[in-house]
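Its first residue numbered 1, the sequence shown is counted upward by one per residue in UniProt numbering.
Please keep in mind that the hints were generated in silico from the structure rather than gathered at the bench.
Note that the Cβ used here is the ideal one computed from N, Cα and C, for glycine as well.
Keep in mind that a hint or two might mislead.
[As the list claims (entries may be wrong)] Simulated pairs of lysine to any residue, SDA-like, Cα-Cα distance not exceeding 20 angstroms:
(1) 107 - 173
(2) 107 - 140
(3) 107 - 51
(4) 162 - 174
(5) 140 - 130
(6) 162 - 144
(7) 107 - 52
(8) 162 - 173
(9) 140 - 211
(10) 162 - 179
(11) 162 - 192
(12) 107 - 118
(13) 107 - 49
[Unchecked claim] Label-pair ranges, simulated between beta-carbon atoms:
(14) 136 - 259: 47 to 53 angstroms
(15) 116 - 178: 48 to 54 angstroms
(16) 224 - 170: 25 to 31 angstroms
(17) 109 - 79: 28 to 34 angstroms
(18) 217 - 125: 39 to 45 angstroms
(19) 188 - 259: 17 to 23 angstroms
(20) 89 - 269: 25 to 31 angstroms
(21) 82 - 174: 19 to 25 angstroms
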Amino acid sequence: MIQVFNGLVNGAFYALLSLGLAVIFGMLRIVNFMHGALYMLGAFAAFALGQLLGLGFWPSLILAPLLVGLLGVVLERGLLSRLYGLEPSYNLLLTFGLTLLTQDLVKQVMLSRFAVSSAPYSPPEVLSGVVNLGFVVFPKYRLFVIALSLVVCLVTWFVIEKTRVGAIIRASTENPVVTRAFGINVSLWVTRVFAVGAALAGLAGVLAAPIYSVEPYMGAELIITTFAVVVIGGMGSIMGSVVTGFAVGVLAAVGAAVYPPIANTLVFILMALVLLVRPSGLFGLPEGAR
1 MIQVFNGLVN GAFYALLSLG LAVIFGMLRI VNFMHGALYM LGAFAAFALG QLLGLGFWPS
61 LILAPLLVGL LGVVLERGLL SRLYGLEPSY NLLLTFGLTL LTQDLVKQVM LSRFAVSSAP
121 YSPPEVLSGV VNLGFVVFPK YRLFVIALSL VVCLVTWFVI EKTRVGAIIR ASTENPVVTR
181 AFGINVSLWV TRVFAVGAAL AGLAGVLAAP IYSVEPYMGA ELIITTFAVV VIGGMGSIMG
241 SVVTGFAVGV LAAVGAAVYP PIANTLVFIL MALVLLVRPS GLFGLPEGAR
């Protein structure tokens, strides 16, 4: 049961990150390789706000994702928007280059300003300690991570699937020309969607900071697994990202307990099997059906 709950914690991060990727891909049809760096920037922003301004976890939980979302606006308007209509490889190369640049920049700032290459980040006092659930004793903060991630994922799904805002986003995705004819500024909505996707990555980073050390390369390995989660769930599928994120987290944790050597490859084996049976992913629609 401890492994299952640990898997749910990892799944919470997978779900938030893959949710952000799915939202961005669903509207922009680009694969944002910088998503792992945005996750790291969320954690770094929380750490820096604490060190420089004395802000605790709760203010940082709000401010850090907003700052990362604002950075997303700058990136989308200043760089990515210039590549729309070109081959997808251009966006991939750009976001990959930005990832390397961001990682090295944060590394230099941490070394020069804070004299550390990695740093711990303490959870709030109210979430310290453990909770006895009857069948398992588990850290209170990790339970909070699972609960908040579920709430954020469900709210995002509800907004996109059940509200007028979501209808505009879906319309802009499926037929931007007709959507513009109704007087809707599609470019503005593209920027907003990218900012929300970036903010979700930043939120995941803040939540991860008290569990893992804050360091420049903390998103490098996680983003590879997150891409696999998005592919398994279905590119652009909101519900697929959430369900698959938590499921993969639990599956990997249980698999590591049963047979440790397979822990790092289990998700990719699952991805290969899903692609063989259903190339569009478990919850995705074939490209022609969009």
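Handout entry: Range agreement (Cβ of residue 269 with Cβ of residue 89, hint 25 to 31 angstroms)
Key = 27 angstroms, holds
Handout entry: Hint consistency between residue 107 and residue 51 [alpha-carbon to alpha-carbon, up to 20 angstroms]
Key = Judged against 20 angstroms, a Cα distance of about 16 angstroms means the pair holds.
Exercise for the section: Confirm or reject the claim that residue 224 and residue 170 have a C-beta distance inside 25 to 31 angstroms. Expected result: Roughly 29 angstroms apart at Cβ, these two residues keep to the hinted range, so it holds.
Practice task
Take a quick look at whether residue 107 and residue 52 sit within 20 angstroms of each other, Cα to Cα.
Solution key: Given that 20 angstroms is the threshold and the Cα spacing comes to 17 angstroms, the pair holds.
Problem - Restraint status (C-alpha distance of residue 107 to residue 173 at most 20 angstroms) - result: Distance ~37 angstroms between residue 107 and residue 173 Cα, so the pair is violated.
Handout entry: C-beta pair residue 109, residue 79: status relative to the range 28 to 34 angstroms that was hinted
Key = Cβ of residue 109 to Cβ of residue 79: about 21 angstroms, so the range 28 to 34 angstroms is violated.
Practice task
For the pair supplied as a hint, residue 162 and residue 192, confirm whether the alpha-carbon distance does not exceed 20 angstroms.
Solution key: Holds: residue 162 and residue 192 sit about 18 angstroms apart, inside 20 angstroms.
Practice task
Below or equal to 20 angstroms on CA atoms is what counts here, so check residue 162 against residue 173.
Solution key: 16 angstroms, holds
Practice task
Decide if the proposed pair is consistent with the structure: residue 107 and residue 49, CA atoms, cutoff 20 angstroms inclusive.
Solution key: Holds, at roughly 16 angstroms.
Practice task
Using the beta carbons of residue 82 and residue 174, state whether their distance is inside 19 to 25 angstroms or not.
Solution key: 24 angstroms, holds
Problem - Range hint 17 to 23 angstroms (beta carbons of residue 188 and residue 259) holds or violated - result: 50 angstroms, violated
Problem - Holds or violated: residue 162 to residue 144, with C-alpha atoms at most 20 angstroms apart - result: Roughly 26 angstroms separates the two Cα atoms, so the pair is violated.
When held up to the earlier numbered hints, the structure conflicts with 1, 2, 6, 14, 17, 18, 19 and fits the remainder.
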